[in-house]
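Enquirer: Chains as they are written, first to last, in the numbering used here: chain A, 1 to 315; chain B, 316 to 640.
Since the hints were derived computationally from the structure, they do not count as laboratory data. None of the values given here were measured: they were computed from a predicted structure. Cβ atoms here follow ideal geometry from the backbone N, Cα and C, with glycine treated the same way. Among the clues, some could well be false.
Claimed, not checked - Output of the computed footprint for chain B on chain A, the stretches with three or more beta carbons under 8 Å from beta carbons of chain B:
#1 22 to 31
#2 212 to 224
#3 241 to 248
Said to hold, decoys possible - Taking lysine-lysine pairs in the BS3-like style, the calculated list, with each CA pair at most 27 Å apart, reads:
#4 A:Lys255 x B:Lys595
#5 B:Lys404 x A:Lys255
#6 B:Lys404 x A:Lys115
#7 A:Lys91 x B:Lys429
#8 B:Lys470 x A:Lys255
#9 A:Lys89 x B:Lys611
#10 A:Lys91 x A:Lys255
#11 B:Lys595 x A:Lys89
#12 A:Lys156 x B:Lys429
#13 B:Lys595 x A:Lys91
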Amino acid sequence: MVGWAIALHGGAGDIPIDLPENRRIPREIALRHCLDIGVAALKSGKPPLDVAELVVRELENHPDFNAGKGSVLTTEGTVEMEASIMDGKSKRCGAVSGLTTVVNPISLARLVMEKTPHIYLAFDAAEAFARAHGVETVESSHFITPENIARLNQAKEFNRVQLDYTAPTPKEPENCGDSQIGTVGCVAVDSAGNLASATSTGGYVNKMVGRIGDTPVIGAGTYANHLCAVSATGKGEEIIRGTVARDVAALMEFKGLSLAEAAAYAVDQSGPRGTCGLVAVSANGEVAMPFNTTGMFRACATEDGYNEVAIWPKN
Amino acid sequence: MGRWAIAVHGGAGIDPNLPAERQEQAKQLLTRCLNLGIAALSSNVSAIDVVELVVRELETDPLFNSGRGSALTEKGTVEMEASIMDGTKRRCGAVSGITTVKNPISLARLVMDKSPHSYLAFSGAEDFARKQGVDIVDNEYFVTDDNVGMLKLAKEANSILFDYRIPPMGCAGAAATDSPIVMNGLPISIYAPETVGCVVVDKEGRCAAGTSTGGLMNKMMGRIGDSPLIGAGTYASELCGVSCTGEGEAIIRSTLARDVSAVMEYKGLGLQEAVDYVIKHRLDEGFAGLIAVSNKGEVVCGFNSNGMFRGCATEDGYMEVAMWE
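Build out the structure end to end from the sequences listed, making use of the hints.
Expert: Shown next, in the form of structure tokens:
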């Protein structure tokens, strides 16, 4: 009899080892909190789809992660959020992009999956759909944090698009250890082997308006079937071309790799070092959380009592 | 030195009652596009360039559902999307929510070549288009009388309608009762997606793929389908190039285009086996079709719908344009 398992992430990237406590500890606490509510939900028999959604909602609401509140800003200083969700058993999925006022993008993605004949709605129309269904919306300013304004200014100054993790620059010591945020995601499996995956993000700091990343693209940032559920994070463009989330499942199915092998291979092949990380669970209750970046905010737990909250590689 | 091969498609799922005149027009367009591609390949144009120029031709012709002649949204406007992928380094570009760009496939190519991103949509994509200086037209340019008629019928039927082109004089009603085939929950007479696509392998063995569409007739604004999603509607790797068409949901959930390459890479299947496998095992209850080429110069079409507008040709002189099995 296999047990349940859950894994979640708050983004992979260049998280410096000397991240100051006042940046590290709140995030560790948040990861622990999200893990706890996910575990409680699984224990109470909630379906993995519900569990993945509620954990991602929690991560979206937390301002220190790059999703929902706390999303990084476009080049115009605005927020454009995206998310996707997938149910492994039915392979039904939902995705949204270009959201500016919806408090919980992952829930809107779920609504698209359940209440429309479509999979993916974006921009003005997605916002209109949210209002038509009475989904919670707020002023866009709600999502914008001072840290992200600073990140945008920093990125503009260097005139480059950056991952939301940036090594501190010598010129701005007050930003030392800042920008330790990224896409968020959660994967879960129950003891019957039902799997689900959910991912949500604000995207890239200083991204072009209208830029869509891997997060809402099924098979890239999110995937779930009868074998495993995967949520990826990192450099969106690489994850899209690498169809990273789909590849984990494909390697298991077509090459007979284990979850751990498939996940590690998919990350390895995704691109140069510093490209991506992912969390994955299998129908057998296994967990894998590989990354080729300096670190990845992550947490996981399995029914046999194992649990972990971590940022950097374990030695 | 390898051998080139090319395939084009104009959608999977065809009404058996489609008027002969329409069938003929479709065949002529597919033939013309194939010949364009063949001429380019014979002059050593690269696979990615051939894909773009052939899909441009399909977009410009109002017959199929892409560019001019795109299906209409619920508001009677056109919102187009497209994606292109270069197998050599798996570079890709995609656009959605395009309303004034004459050739969406070319904009997708520019996203790939000239932006730091892979996928741009709506106003951001339109802004990028203007900065790149591509051909811009009014949205009305893309709207055809045929489709205005079809939209009316779709609204009357209060259903999502794919871009079936029948004479708008009430034949749809008769055809609907005659035809027992159903796709996406609708009788085939009011469903016939004519998303377009092209896959090419050139003499150097480089594979490329591209797909372009206006989407579903009477679709919600802002609805994105499989065509711009890398791995779903379009995919290319060192081994193959794939373009899909049909029921968007089925194609997305099954990551259809990616799976063709994945079974070749991970199970060692050849192109024909890979296409047969994904069509048979990946679509569940969904209907779709695809065209694919391999780096060995092979070309394969596969579909589980009752037909697919398609054409293919190889360097050794093989050429075929077809609609049914």
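Enquirer: Check each numbered hint from earlier against the structure, then list the numbers of those it violates in ascending order.
Expert: 1, 6, 7, 8 and 9
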